[in-house]
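Asker: So the chains spell out like this:
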Amino acid sequence: MDGRSRDRLARAVEEFTSAVSGRAALAQALCAACLHVLPGVDAAALTLRANARAEEMVGASDEWAARLEEIQYTLGEGPGVSAFRDATPVLVADLGSDGVRWPGFSAAAAVEGLTAMFAFPLQVGGIRLGTLDLYRRRPGGLTAPATADAAMLADLATYALLEQSEQADEDQLRMTLSYQDVNMATGLLAAQLRISLEDAFARLRAHAFSSGRSVLDVARDLLARRIPLDRLAD
Amino acid sequence: MLSELTANLVDRHDAESVLRLVTAACESLLSASATGVLLADPRGGLSVVSASDERARFLELLQSQIDEGPCVDCVRDDAMVACPDLEDGAGRWPAFTRAALDAGFRAVHAVPMRLAGDAVGGLNVFYAAVTPWEAWQERLGQVLADLAVLGLSQDDGPARTHRLAEQTLTTLNDRVMLAHAIGMVAGALDTSTDEARRLIFGYAATNRGLVRDVARKLTGGDLDAAALLQAADAS
Chain W
28 MDGRSRDRLA RAVEEFTSAV SGRAALAQAL CAACLHVLPG VDAAALTLRA NARAEEMVGA
88 SDEWAARLEE IQYTLGEGPG VSAFRDATPV LVADLGSDGV RWPGFSAAAA VEGLTAMFAF
148 PLQVGGIRLG TLDLYRRRPG GLTAPATADA AMLADLATYA LLEQSEQADE DQLRMTLSYQ
208 DVNMATGLLA AQLRISLEDA FARLRAHAFS SGRSVLDVAR DLLARRIPLD RLAD
Chain V
10 MLSELTANLV DRHDAESVLR LVTAACESLL SASATGVLLA DPRGGLSVVS ASDERARFLE
70 LLQSQIDEGP CVDCVRDDAM VACPDLEDGA GRWPAFTRAA LDAGFRAVHA VPMRLAGDAV
130 GGLNVFYAAV TPWEAWQERL GQVLADLAVL GLSQDDGPAR THRLAEQTLT TLNDRVMLAH
190 AIGMVAGALD TSTDEARRLI FGYAATNRGL VRDVARKLTG GDLDAAALLQ AADAS
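Heads up: the sequence lines are chains W and V, in that order. According to the working numbering, the first sequence is numbered sequentially starting from 28. According to the working numbering, the second sequence is numbered sequentially starting from 10.
Heads up, none of these hints are tricks.
Here are some chain V residues the structure puts well away from chain W; computed CB gaps all over 10 Å:
(1) Met89
(2) Asp94
(3) Asp97
(4) Leu110
(5) Asp111
(6) Glu143
(7) Ala144
(8) Asp155
(9) Arg217
Ranges of calculated distance between the beta carbons of each label pair, as one might list FRET restraints:
(10) V:Glu36 to W:Gly167: 42 to 52 Å
(11) W:Ser124 to V:Asn216: 26 to 36 Å
(12) V:Arg85 to W:Glu41: 20 to 30 Å
(13) V:Gln239 to W:Ala251: 23 to 33 Å
(14) V:Asp203 to W:Ala233: 22 to 32 Å
(15) W:Gln199 to V:Arg101: 27 to 37 Å
(16) W:Gly67 to V:Gln239: 40 to 50 Å
(17) V:Leu11 to W:Glu139: 45 to 55 Å
(18) V:Asp86 to W:Gln199: 29 to 39 Å
Simulated coverage check for chain W against chain V, where a stretch passes if three residues somewhere in it have a Cβ under 8 Å from a Cβ of chain V:
(19) 107-114
(20) 152-164
(21) 178-187
(22) 218-227
Quick caveat, the hints were computed from the structure, so don't treat them as lab data. All figures in this text were calculated on a predicted structure; none of them were measured in a lab. For every residue, glycine included, the Cβ atom is placed at its ideal position computed from N, Cα and C.
Construct the entire structure; sequences and hints are all you get.
Answerer: Structure, rendered in structure tokens:
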């Protein structure tokens, strides 16, 4: 539980993603990294969801995974949809015995030859970007180390996608998110401007950048109502 | 106090609620001025998963223990670290000691949180005055640290450390999500973040639900901030 497994996974991700540019290519490379690292996983897909019904598939390791994503979206149900909605990993070792939970998806999955599936939310608190879905043809769960690795890969993917839009350094991003004042200010901004938490966080960072101040300082000013909101409303 | 904690552990619980009870027990039973729980972050280093005082200054002090500090030593050596008077400890952790004294603390005790024989984190108990711990306080501190680990990981067997790695990621996420929810409630009701926090915890308690679930519903748009106010008025 030290940083060693994270470093190993980060290096694997780096190996696959270093040469790519653009969000779709990055997602594709992240899926390839997952297949490379995780034993017993046959396919992977990374999907960005604005909400449970609307989604934008961004990357898949193959056509099969892309089709399985499409099925979940069309039906509006499945482990990926549940993982996103409930903001928690959904691990299904045998879809056949879980048919009650997602009747439509389980039936379609059986036709496609899918028997096990593991879905991880891509999220930082209330900022929910989408899911990482891992597919398997044979029944059976992931091992405990593989599950921990998969959770970490989902986390690395989340930060990679957040960085992609802001070109921030990962450690800096992590430090910023450890300040509860920043997170509370993000929520405050989202509620008052009626925008998503993701957009609110982006505006907070953009305002800090353009005014040459730290994100934390701007967040504190917002919480103390020292900055008029329209300054960030653009 | 301890029975409330153990009852919470056998009942349905979330990490946030258990850690909050541990923090409260440190204040009421050990007379702590402030408490923070740090866990080995699967992503590397130690991360704050719970703090009695969410102000940036205290969090920065906790999180400053990346390279040095009582919690770093406590996790590395898997042993309790006592610093009853920080003014005597300046040589050991110069940067941390300066920051702690500046923040108004004079003593700190770090208790290892153990799982399957390894230290996976530390319970940090701060005091505003010089405070040596007696043997009973050391024992109680260890009991509270053990309860905190139990609250985070109730699986048995070798899978536990891996489960804890996942759980730590989830707990860190939950902490951010709660702050998002607090901010959203404060913004929607145009109230202070302290009041917003009180409303969220009150709503969870009234509905016998989990704080994490309330935060998830608020940030996911499945629960309106106004509903918290109505529930508070009704009770």
